[in-house]
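First to last, the protein sequences are chains A, B and C. The first sequence begins at 1 in this note's numbering and counts up by one. The second sequence begins at 1001 in this note's numbering and counts up by one. The third sequence begins at 2001 in this note's numbering and counts up by one.
Since the hints were made in silico from the structure, they are not lab data. In this text, a Cβ means the ideal position worked out from N, Cα and C, and glycines have one as well. Careful: at least some of the hints might be erroneous.
From the derived model, a few chain C residues whose C-beta atoms are all more than 12 Å from chain A [to be verified]:
{"#": "1", "residue": "E2078"}
{"#": "2", "residue": "S2099"}
{"#": "3", "residue": "R2218"}
{"#": "4", "residue": "E2225"}
Examples of chain A residues toward chain B, derived with CB under 10 Å [to be verified]:
{"#": "5", "residue": "F78"}
{"#": "6", "residue": "R101"}
{"#": "7", "residue": "R105"}
{"#": "8", "residue": "V141"}
{"#": "9", "residue": "V145"}
{"#": "10", "residue": "G152"}
{"#": "11", "residue": "L156"}
{"#": "12", "residue": "A166"}
{"#": "13", "residue": "I170"}
{"#": "14", "residue": "A181"}
{"#": "15", "residue": "L187"}
{"#": "16", "residue": "F221"}
{"#": "17", "residue": "V296"}
{"#": "18", "residue": "A343"}
{"#": "19", "residue": "I348"}
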Amino acid sequence: MTDAVSRPADLVGRAQDIRRRYGDTAVTAALWLLIVGLVLWSALNSDTRQLFVNGVVVGSVFALGAIGLTLIYGILKFGNFAHGDLMMLGAYFAFFALTGRVSERPRFDKELPWSLDSLPGAVDRLGDLTFGYGLIIAAVVAVAVMAALSIGLDRLIYRPLRRRGAGIVIFAIASLGVAIAARSLMLIIWGPEPRSYVTGIHKAQQYPFDIRLKTDQIFIFAVAVGLAVLVYLLLYRTKLGKAMRAMSDNPDLARVSGINTDQIIAWTWVIGGALVAVAGVLLAIQAQLNPQLGFVILLPLFASAILGGIGNPIGALTGALVVGIAQEVAVEYFAPGYKSGVAFVILIVILLLRPRGLLGARV
Amino acid sequence: MRLERWITPAAFAAVTLAVIIMPAERSGWAFRDSVIPFLASFATTVAIFAVISLGLNVQWGYTGVFNFGIAAFFMVGAYTAAIFTKPPPAQPEFVSYVGGFGDKLDFLPFLSSDQWLPFLIGTAAAAVMCGVLAFLLSIPTLRLREDYLAIVTIGIAELLRNVSIEERGLVNSARGLTGIPRPFHDFFDPGDYRFVYFGIALGVLALVYLAVERGIRSPWGRVLRALREDELTTAASGKNVFAFKTQGFVFGAMIMGIGGSVFAYERGSVSPDTFTHFFATFIFWAMLIMGGSGNNKGAVLGAYIVWGLWIISLQLLGYDLPQFLRSRIFFIRDFILGALIIAVLLLRPQGLLPEERRVSIWLERQLKRRRRLWPWPRRREPTEAAPVD
Amino acid sequence: MGVSILPVLEVKDVVAGYGEVEILHGVSIKVDEGEVVTIIGPNGAGKSTLMKAVFGLIPVKKGRITFKGRDVTGSPPEKMVRFGLSYVPQSENAFATLSIQENLEMGGFIRRDGLSERLNWAYELFPDIASRRHERAGRLSGGQRQMLALARALMLDPQVLLLDEPSASLSPKMVEAIFERVAQINRSGVAILMVEQNARHALQFSRRGYVLAMGVNRLEGAADELLESAEVGKLYLGAEP
Ligand SMILES: Nc1ncnc2c1ncn2[C@@H]1O[C@H](COP(=O)(O)OP(=O)(O)OP(=O)(O)O)[C@@H](O)[C@H]1O
Ligand SMILES: [Mg+2]
């Protein structure tokens, strides 16, 4: 080994020594203090207050994706690089169920004679939201389709790899293949032009402290928090969830205990697929339907999941809110093009200081 | 299986035939005037991409390091070469970039107008920059789970692309750099230059190929592969796992940088939209997986096949396709590439050309190492003390 | 050894291994109702491999495994549990990231009813872990973890319990405690097939024993005969204390 190469090893080694000496808790406390400090500061500072609120909304969208990602990562043990693209695909399925539209040629759609928006009053706005009950039914359809598709992909791709005993990296490459296939499928069927579920503009509401917020965004935040809690309860309070954690801990011992791991894996995909679809629909409500978006969102999703601690849904929510807020507040100080850089920096910091994440369990 | 033996020759023959026949047919079989020049350009690109594919093979095939941000190295290589060979910006108010050392590097008078030295220096600088980048990235990641490096490299590729767009004065933003000098360009007839450059690209490919072959056959390469086989045993045998992984990663990244520089000289211009994840990362993975990771010939063959498919889809546009297909042809190609990767992983994990010298390749070996039916790494049973006797 | 009794568990000429590698070259074992049988043998003899093969964790290439006269060869572990067998692996035999209570719940995963009664029963049998039921199993000491593993395996009321080195790397006091518990479990009618390094100790309260070496049966017989056999004594039991 040359000196040049062993030096960073020394550096990292020294960092680890420091960590050992002052205890894991000190680093963690410092990290939390830093995060809470920055978040509070951005919330209280009147220049960044609106950005802080935007960040919470963006973070909620990340959280929706990160919860599904962290579930698959934690239980099935591989980083699903197709997660973002499958989210978008789910959003497009909801779009199709709602409008019955597919692209025929550039900028020209073909429409099915019947779709959900033909239901009476399906597109009338619900309260202050931009969408009607039609989109909610469409989202349920997308949930079912994505759950089925996830199981299908597992049967077709991941299960054979599992049987062969392939390493996690092979799964990651396969998921990259899935990502590319999913994205090009969207482009083939719906074309590259961005779309949205509803037309027309939607005005933001004025709230105290000079904050402007769309009701859709409040809805997104509520769903994100609700789903994080639900997934947490699933994992820690239900028999299925405990079996999922048991399998993730030690698959052989799970089988020895009588747990049918194939079944648990199928359930994981069903839940993961459902989360993917919900996350995709809400992403599309917040941003737009755009085949490119799936890959763009992947890095913040991974950053959120790792920051929160892989396998922990509450961690994913926390991590995602931090990443979202940091990204938005950074706009005040850096060019908007650097938004994705924020997620990257957070990722590097957490990998250096506390790779198991803020709320990650000690194994 | 008998059929299996024919897959590789069949894929090779199909791509070769399509790449020759399609342009020939469209140009009215004008071999001299259009088919041969076309093939020269095609082969040049294959050679350049094969260099990058070899770099990935060093990282993944031989070291088992998992880089999902090839675009970052490709891009750094291309831009570094460009700013080292270009003269400084003539009109800084319109075009601005750092460096522009081209004319300064021409310091050996008797070689000056040939300008071969700047190209070498540009390529060397590209390799060094990529090596440094890889080195920095290895620090937070290579000790952790294998896929963390993948996530971090995705991030750096995205970040660097954004930097190149946002920082106006760095590499001229989104418009990129044009007018990159091309080696020996002035000595030849513009029509013939592509053949010259094909020679250059082929030469670089040959050099890189030999270097990699030598490297992996050396004791150093043996340690790398041993590491890939089973990290723990090698660690136990006293080798510094982290250092070796870093070296493999850096070496591969330098090769990617060389590939990027040769790409920049060939195109004469570089801009951020070349270095998207899809184009600049995914296709190299497609090349290596399809060709056969852990096999340098496979890496080259993969570049040939994948770039062949790419060109075929472009050529198809010249035909009278139904509107439905015409507007979707690239998306369909992308879909096929994604599906092909999965198909190879499932049906022929060793790729078209399996790893040589060893019965098994990286994928197969993982199979042996992880005998349990799961993707989870095998837990080791502690060895108990031997019974008293 | 009653002649007429059908063995509960019978392993006949089993060949098994990992992938291409064959470790067991035809091993036969039987366990009668309610008895304790110990398998001893040098490291790497294939004792753990035998347990895994019996329990369906690795494929059986040749031979037969019958449980109460029924052919169960090749049944996956999740089925074996339903038949009435339980297995405590040699290592990693508790879910480290789950709480103790959750570990036991997983042990009783396929129980339809009576889970809470069984939990109480387990906590009574193993009071050491009862007081820490909401702690993560990874924080238990070696002996406690072994207790937890035993309790987990008993959650389904098995008829045969396979134990792979229950006393490995424990303090002498802990070894004593574990064996006591195993004896107690056996007295409640559970047949036990046990692999042990503490061969003398294990044989002392076993009915019969087998010696496995290089993946084949080397010796077998009543436990006290094995204890007295010169060969076994020299090879596996160490010098007389
Ligand atoms: N998962 C595995 N994959 C491949 N080979 C294995 C595996 N587990 C064990 N072996 C090999 O099988 C042989 C028998 O191992 P086994 O664990 O059955 O021995 P054992 O008799 O239980 O020994 P010990 O007293 O050390 O527990 C050994 O040579 C070992 O290296
Ligand atoms: Mg053993």
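Each hint tested on the structure:
no.: 1; hint: E2078; verdict: 5 Å, violated
no.: 2; hint: S2099; verdict: 9 Å, violated
no.: 3; hint: R2218; verdict: 27 Å, holds
no.: 4; hint: E2225; verdict: 33 Å, holds
no.: 5; hint: F78; verdict: 6 Å, holds
no.: 6; hint: R101; verdict: 16 Å, violated
no.: 7; hint: R105; verdict: 6 Å, holds
no.: 8; hint: V141; verdict: 23 Å, violated
no.: 9; hint: V145; verdict: 18 Å, violated
no.: 10; hint: G152; verdict: 13 Å, violated
no.: 11; hint: L156; verdict: 8 Å, holds
no.: 12; hint: A166; verdict: 6 Å, holds
no.: 13; hint: I170; verdict: 6 Å, holds
no.: 14; hint: A181; verdict: 3 Å, holds
no.: 15; hint: L187; verdict: 4 Å, holds
no.: 16; hint: F221; verdict: 26 Å, violated
no.: 17; hint: V296; verdict: 8 Å, holds
no.: 18; hint: A343; verdict: 7 Å, holds
no.: 19; hint: I348; verdict: 5 Å, holds
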